[in-house]
Structure formats: structure tokens, C-alpha cells
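The chain contents come next:
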Amino acid sequence: MHPVRYHRAANLAEALALLGTPDARAIGGGTDLLVLLKEDLTRASTLVDVRGLALSETVTATDDGGLALGGALRIADIANDAAIRAAYPALAEAAASVGTVALRNMGTLGGNLAQRTRCWYFRRGAPTCLKRGGSGCPARSGANEYHAIVESGPCRTVHPSDPAVALAALDARVELTGPAGVRTLDIAALFADAARDATREAAIAPDELITRVVLPGARAGGVQRYEKVMQRGAYDFALVSCAASRAEDGTVRIVLGGVAAGPWQVNSSVEEDVAIGALDDESIDALAERAMYDVEPLAGNAYKVTIAQALLRRAMRALGT
Amino acid sequence: MAEVKSGFITTTVEVEGRTETRVVERPAFEPTPWGTDAALTHVGQSPPRVDAPEKVTGRARYTADIQRPRQAVALFLRSTVAKGTITHFDATAARAVPGVLAVMGPGDAPAKTRLFPSAISYAGQPIAAVCAESESVAWRALRAIVVQIDSLPFAATFEATAAPDAPKVRSAGNLAEPIVVSRGDVAAGLAAAEVTITREYRTPVALHSAMEPHGAVAEWEGDRLTIWESTQGIFRTRNDVARVLGIAQSQVRVIKEYMGGGFGAKNGAGAHTFTAALLAKQLQRPVRCVLERDGEQMDSGNRPATTQRVTLGARRDGTLTAIRLDADVPLGISGWEGGPAQLYHELYACANVHTTERFAHINASGMQAFRAPGYAEGAIGLEGAMNALATTLGIDPLELRRRNFAERDPRLDRAFTGNALRQCYDEAAERFGWTAPRPAPDRAHPERVRGRGVAAQTWPTGGGPPAYATARLNNDGSIEIASGTQDLGTGARTVLAQIAADAFGAALHDVRVVLGDTERAPYAGNSWGSMTTASVGPAVRMAAEDARAKLLDAASQLLNVPADALETRESRIIVRDSDRTMTFAEVTGKLGNVMIQGRGSRGPNPSDRAIVTVGVQMAEVEVDRMTGVVRVLRIVAAHDCGRVINPTLARSQLEGGILQGLGYALFEERRLDGATGVPLNPSLHDYKIPTMADCPAIDAWCVQNVDADANHTGARGLAEPPLIPTAPAIAAAVADALGVEVSELPLTPWRVLAALG
Ligand SMILES: Cc1cc2nc3c(=O)[nH]c(=O)nc-3n(C[C@H](O)[C@H](O)[C@H](O)COP(=O)(O)OP(=O)(O)OC[C@H]3O[C@@H](n4cnc5c(N)ncnc54)[C@H](O)[C@@H]3O)c2cc1C
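Protein chains in written order, with the numbering used here: chain X, 1 to 321; chain U, 1001 to 1757.
There's no promise every hint is true.
What the hints assert, rightly or not - Just a few of them, taken from the derived set where beta-carbon distance is under 7 Å, the chain X residues facing chain U:
| # | residue |
| --- | --- |
| 1 | Trp120 |
| 2 | Gly142 |
| 3 | Gln231 |
Stated by the list, open to error - Below, in silico cross-link-like pairs of lysine-lysine (DSBU-like), each with a Cα-Cα straight-line distance of 35 Å or less:
| # | chain 1 | residue 1 | chain 2 | residue 2 |
| --- | --- | --- | --- | --- |
| 4 | U | Lys1590 | X | Lys38 |
| 5 | U | Lys1550 | X | Lys38 |
| 6 | U | Lys1112 | U | Lys1281 |
| 7 | U | Lys1112 | X | Lys38 |
| 8 | U | Lys1168 | U | Lys1112 |
| 9 | U | Lys1550 | U | Lys1590 |
| 10 | U | Lys1281 | U | Lys1055 |
No wet-lab data here; the hints were simulated from the structure. The model shown is predicted, which means the values in this text are computed figures rather than measured ones. Built from N, CA and C at the ideal position, the CB exists for glycine as well.
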């Protein structure tokens, strides 16, 4: 690893100031960033630790009955927090399914959302890879079992985060703080350019921090589930995952992970049909087909369509019958 | 004990399925075999590993932990091109990095080391090494090296390398002469068959993935070289180094105290050893060269892929009339012909067997022996086809195996020293509940289907000469047993201590076993081929008995009774039929500095007998038909390895083999990029070995047995056998659950779903 300077900022203002210096990067648990640095997949000369800053590791109730999660909240804390488990069990389950105990204890929410793709062409430094300075995607004609079945840009990356999928099904908003102040965006917007952006998967400027992730009270409770299909019993990224919620007001969100460059919400017409409810097996099958009608799997990953439909059927059965 | 005529004789030893002829010295005496009724105090018990405290407290030092004064670090730069020629190599900037001590690149190492050639023949091949004050300096310097490689067309699959216009992978040709082995008349056997089935199976390239990577620390003192090496063969490593560096074997000392696994990939000196030795010489300071994880996963050996086309012929009652195999094995750039065929000749009684193996070289890192090389692959084809045959015939697959049990070694038509496979079948069936009715399907989850499967195993485990041990009794009564073997983590140190304690009549805590040092211990062979217990155990026993005889001789003088009136028990000498005793320490205390020493060696195996470890495993799995995910619920394993020296350690071997087999069945597969030949998953996250969450309930044991005909300890080897049947048993269980076979390993969701159509 190239030598780096490590800073533990005293407060948010200092952290932001340090992040404004050249080649500075935020570091949470370092579970992804340190690996990227060691493998020469990214550069940094200054690391600014975002843990320990005010508000960054807490879960607080919001006025609308929702919760605001600090950007440096540890994944393990999300999985175990009583308030999160009560109001947003899909998120708690998604967090509990992340990696291993050690990774959950070290990894933070902000770092999880800002982690880089696990694509093996990217990670092994394939020179033709868009995200390595090339202009294409070697996975398209290469080994692509783990890649996207949805076309969303030149690159066929899938976003590795489990929490992001649950957050998308809970209409979470992400609060970013930078030199110009705070901006808030839908979690989906965070990943909108993942398949096009050569440098990152989440739309966070180098001098910005994820300071909070806000869960609306409207989606607390109701029916929620998170299901993750992985090869091994643990310590695997999702082949396909599915987060689903039916809020108290009856609205439904169904989001798939492992199929696209970011969390992939099924067509709202499908969600509306599920919301109406009283679905029988036949209509569930038809809706699962419809939800996936325009996906474009590659040579090695059509199986993900089968798994995605299975997860959709299970989610619809839980939410819509 | 019987006196035997000493002198040299010719004998044969089976290693990893190959038979080697050796001229060896007969031991001066052969201890009386420990039969079923032998009165043994320590052998057969499960004391904890003698080195457990060192291991759990972190005091145990592995090769990667060795820190010598002024030690420097060497790292490799590896090729990202599968085939080509280095046209430009410039390390000027690398040498300029502060803290860099040396760079070795193309043309810099003596030809005999074969280090850093300018011809590149696989991705991951070392191009250069940088030696620096620290790892981080070496890391930075590696990135400052400028290399240009003219890349050439490559062939990284069997199909590509066998094509008529294939690029030349090796100058001697891409394909070796096929190996054809035949007995009887397979065409006649197929003609006589009432049922024939034909199947094709594919197995992946699997990586050893030992916890401790390959590595060496080298240090010169004048013209004498000491190497700490993570190796399965200290003497072989010593001899490799002496030969390649052109120095005497007596100038090289190889030490390996503790080891984090080998599994067949650490059988001699490697590029890292020569690199460390050369740089240490050049710099006149100790040099450590330990592979990084990606180097370990890219270029430290592998189990080669196979394609096996199998035809079985049988009568309606299940009697096999013919077995035919055509196999393709792409070995990598180097490797030996450890193919799948031999199991087809050895597991079942069948008069007509014909196997053809085509080995090819490809532009990928070379193969190395991997726990039961060839047999693990062969079991996928043979046992897969046996299960398919059972289904076709409507015969229970276990019953089909019973009907084709081989009473004699069918390959060489010789008797076994012992073979309790039928007992294994019975005990496993009983504990698994093989004939018990199946549980009702889970109504709440109709997509979750269960299945069960069975597979059997044989493997040559006789061990053999040469192997030597010495015993010495210090004048405080403590005992040192020395043998130049090594403990790879298997528990050899403990097992040998138990054998020595019983042979000596000593307390276990008085026995210290010194292994893993070519200067402190006499020769023993590599710890491969499941040989250590069966080869070294008898030598240790003999050394201890030799020393004990001398001790009794001395004691008879002191006690004034004939030596044959004396017994030893728990480090005491007891005068039979009296209450007179002396401790060992009392005797040796009186002797002062007179040294009681014993010398032991391994005698030849019985001629014309097959010495094998056999076993059977049964698997129960649950498959989600909607997602294709397979979970193994339980494995029942019964094996026969003759006498079990330490049941807990034996069970550890079984469990380890089963988990490695489970990984082979479900997850493990080295992936190369088709376009570039570059390994895509050389990490422990992307190369998926099982996690604790994947561990099934394992019920594994060795059947009660003693094989006093194999050698005088009654024990055969056990290290490799348990891996062999696990994957085919799991594959059979998946086929049973789905009603359709998945013929390519590993059984990933995409393969399961594809098989379901
Ligand atoms: C082997 C392995 C398995 C894994 N398995 C899973 C899995 O199954 N599911 C899953 O979801 N994840 C998985 N992960 C990802 C893991 O959860 C992330 O590595 C972790 O959450 C990242 O958190 P961190 O705090 O360590 O991030 P760091 O490594 O510290 O940082 C990662 C990135 O985020 C940036 N960053 C950190 N904090 C902030 C912030 N507050 N604002 C803006 N940017 C920030 C950093 O600058 C860096 O670019 C796995 C990771 C590994 C290494």
C-alpha cells in the first residue's frame, strides 16, 4: 500500500475541511477502502475517519415517526438495534446478512453504500473495464454469472450492498453533507449512474459525506421482508435479493438486488397490483413474469431471472394474499 | 520381537496411486505386530494434541511467523498475460525506491532455478522479485517495474489445446501420449451386459487454499544455508535446494516446525524457496518470501479439471460386466499424470475394465497433487455412473455396491491385507438410517426437496520404507524421539508420541517428538499419499523398543534380575511377580552420561498384498428447486484404516476431508477469463471454500479394526480417503432430490436450475 496520512477529525466541519484537500478520502471501517488501496484499485494520500463525529453513529427518531440513521452507524448496530428491528425489520435483516460478524462489526452504513463493485474484472484490474480506465465491459462476453441482468449503462456491474436494497424498499433518503451544505436524495438516485460512472457506483462527491440516512415514518411497520439468495450459507454477496414492504397505508414496494447496477424496483404497476391484494397463484406467476419482462440477461446469468421470479413470488405471497 | 537377516532388499511402495520400486535396508529386527489383543495404554486413546497449548496460545511459530535479525522481504511480480515474450524489462525506478535492496528479473537467476524466464506461459507466472526492507516498500517497488510483453495466442482449455491449429503450449507438444489401461475384454463385457449406461461428467479446477500460504525464509551463514519452509517434505526440499544451487546436501538445513496445511501442494522447493535463497546469498541477510493470498490462489498448484465419459455394463442383478472410461485432463503448464482412471480399476470387482486418459498442457498454472489426486475426480465419474446405473436397474445404490464388492484387489489380482468395506456399508447404513422411510415432504415449502446419496472409496495407504527414527533416553528419564517427517497439522506429532510411549512403556508426557528438521532427525519421506502414520509409525515403534531393550539390559544389572523378567509401564521398570520397581529416571540417573539410544527403520510391506483404506459416505441434502441452492444437511462416513491410533484426530481427518469434499461439490472452482486466461477469483472471498454455516451434521468414524498384516503397528493411512466419496455422495443426493443428475461440478444454482430445465 502507498503510505497514507490518517486523520481522526474532531467534528464534522473539520472532517469536511480535510476531505477538501487533494487525494483525501473518508474512511469508515476500512473494510472495503483498505482492500482497494492494497490492491491498487484506488488512490488516496489522506484518510479521514468519519467515525466518532457527532450524530454519526446514532439512531434517532424523526418527527414523522421514522428514524434517522447516522452515516457511520455500524452494520452490526443496524442489525441489532431494537428500534430498527421493530419499525424496519427488512433493513435489520438485510444488515444481518452482510458478510461476516467481523465485517458487520467494522463496516459502516456510509461505507456500505459507497463500497465499490465486486465485479471480478474490476477487482482483477482488467484493462478494458470501463471502471479501470477502459471503455467497455469484459463481463458482457466473459464470465458473467454474477453480473447484472438489467441493462443500465455500458457496464454490467451489480451493486453489492444488501442494506441499499432494503433501504430502497423503505423509501429511504440519503443526506449528503459537503462544503456547500446538505443535500438529500432518494436512495435510488444515489445509484442511478453506477453503470456509467467510471470512478464510483454511488453519486457522492469526493468532498461529501453521507451524514444520515432517513427512513420515513410512513413505511415503518406493516409487512416487510428481506430475502437473500447466496451460494454459501454465509459470507457471500447476494446472487439475487429481494426487499419488500407493504406499508400501513397499503402501498407496496418491491426491490431486487443483484440484478442491476443499483437496487432495482419493479414496475410500479406490479406494485399496485400487489397492493390491491387477493392474489392467487396464477396471478402471482403472471405478475412475476411481468416484473421481469424487459430484463436482458447475458450468456451466463439467465438463471438470475429464475431466482428473481421465485423471490418475487414469495414476496408477493407475503404481501398480496 | 524377531531377529531378521539384515541387508538390502527390493520392495515396492505405492504413493498417490503410483507404484515405486525401491531398494531399502531391512530393519535389524521386526517388532511383533500389535494385534487385536495387544495391551496398549496410549495407542487407541485420544489425548489432546501434544502441541495444542502452543497452537492455541499463539506460541507456535509457522514459517510465515519466522523473524530473523535483519530479515528482508521478497515479493513477486506476476504476469497478467497468459502467453508471450518479455521484450522489455526496466527496474530502474523500482531500484530507486528507498528501502529496495535488490531486484531479480529475466535472466538474473541461474538457469537451473528456472526462475523468471522471458517466455511467459501462463497468467500468474512470476516475472521478477523485489527484495526490500519491508513488505510495503517491496509492494511499491513492484509497481515501479516497467515490463512489456508481446502477447501470443494461448490455449487455456483442453478443447483449445487439442485443436489442430492450437498454439504451442510446450515445445514437446500440447498432448501427451494417451494412457490406456485395460483388463479383460471391455467389448465382450458390454456385449454381455443386459443394461448399459453412458454418462459424461465434468469436474472443475480446485485450489488447495491452505490457510498458510507457500513460503520460505532463507539465511546463510558462510556457505551453509538454513531454510524455514512450509513444506510436506523437509528432505525433498533440502535435496531440491542443494541440487539447484549446486551445493552439498550437508550444507542445507530445512526446518518446518508448525504448518497450516499442505494438501499436496507443498512437496518440494518452489520459486519462492529459490528466490529467498538467492537473494539471501546476494544480500548476505535473511530473506523471507511468503506468497500473498492471490499468488497462492493463482500459482501454487491445483487439482486439474476433468471430463469423464463413462460407460457401465451390468446384468439385471447389478453385476458389473464392463467399465469404460474416456477422460480428458488439462494439466496446466506442468504436472504429472494423476488422472481419474485408477479408481475405476480398483473399487469394484469387474472383469472388463478399459480406461483411456488424455493429458494435455494448457497455458495455466501447473497442477500439483491435491488430497487424493485423481481418485477424487474419478469418484465423480465412477460413483456418479454407479448411482445412475442403480436408478436404471431399480436397485438400491448401496446394494449395487455390495453386489460388486471386490474381495481381492481387482487391478493387480492380489489379496488385501484387510478390507472392511462391507462393515463400513453396514455401520453407515445403520447410523444414517439408509433403509428408514423418508420423512414426508415439507408441505409449507414444497419447493424444498430432500435427497440422499451414497458413494464409496478406496485409496492405497500402505506407506512404506524408507523412514527412520531415533529414540534417546536422557538421564532425567525424559525421552526424545526424532524423525525427519513433518506434522502438517494432521496431528502426526501426537500420534507418533502415542506410539513411542506404548513401545517404550513410558508416560506420554515424558515423550517429546522432534520432527521437521533435517539436521536433528534422520530421514523420513514426504507427508503425502496418506503415508506418515503407516511409514513413520513403525520406525518410531522400533526405535523406542530398541532403546527400551537397552534400558532393560541396564536395569537388569542394577536390579540383578534377568532382563526378560522386567516390564515397563508409564516410565517405570517393574520386576514381574514382585513389588520391586524403578523409574526410568532412577535407572538413567545411576547410569550418568551413558546414553540409551534406539534406532528404528521402516521395513518393507508384505509382497503381493494390496494395502488400502476404504470407506463409504452418505449424504442428505435439501435443494430449493426455485433458486437452485443446495444445502447439505448431514454426512455419515465410515472408513476402515486398520488400527486407529487416536480416534479424535482420526475424526478430525474425516471431518476435514468431508468439508473439503463439500466445497468441491458445491462451491469451489478456479475461474479463468476466456479472453485473457487471467484467473478471476484468486481470493478467499471469490474462490468459495465452505464456511461454518455450510457445515452439515457430520457423523464420522473408523470401524474397529487392526491390520497387523500391513505393518506391525496395525495402522494404515487415513489422510486422503475421506475427501474422495463426499462430493459424489452429495451429487447423488442432489440427483435423488431433483430426479435429474447435474453432471458438472460444482453444483451451483445456475447448474442446478439448468438441469431442471
Ligand atoms: C469479504 C467481504 C464481504 C462482504 N459481504 C457483503 C455483503 O454480503 N453484503 C453487503 O452489503 N456488503 C458486504 N460487504 C461490504 C461491506 O459491508 C462493506 O465493506 C462495508 O459496509 C463498508 O463499510 P466501511 O465502513 O468499512 O467502509 P470503508 O471501507 O471505510 O469505505 C468504503 C468507501 O466508502 C466511503 N465512505 C465511508 N464512509 C463514508 C461516509 N460516511 N460518507 C461517504 N463516503 C463514505 C469511503 O471513502 C470508501 O470509498 C463485504 C465486504 C467484504 C470485504
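Going through the hints against the structure:
no., hint, result
1, Trp120, "holds (4 Å)"
2, Gly142, "holds (6 Å)"
3, Gln231, "holds (6 Å)"
4, Lys1590(U) to Lys38(X), "violated (63 Å)"
5, Lys1550(U) to Lys38(X), "violated (60 Å)"
6, Lys1112(U) to Lys1281(U), "holds (16 Å)"
7, Lys1112(U) to Lys38(X), "holds (34 Å)"
8, Lys1168(U) to Lys1112(U), "holds (23 Å)"
9, Lys1550(U) to Lys1590(U), "holds (14 Å)"
10, Lys1281(U) to Lys1055(U), "holds (32 Å)"
Hints 4 and 5 from the list above are not met by this structure, while the remaining hints are.
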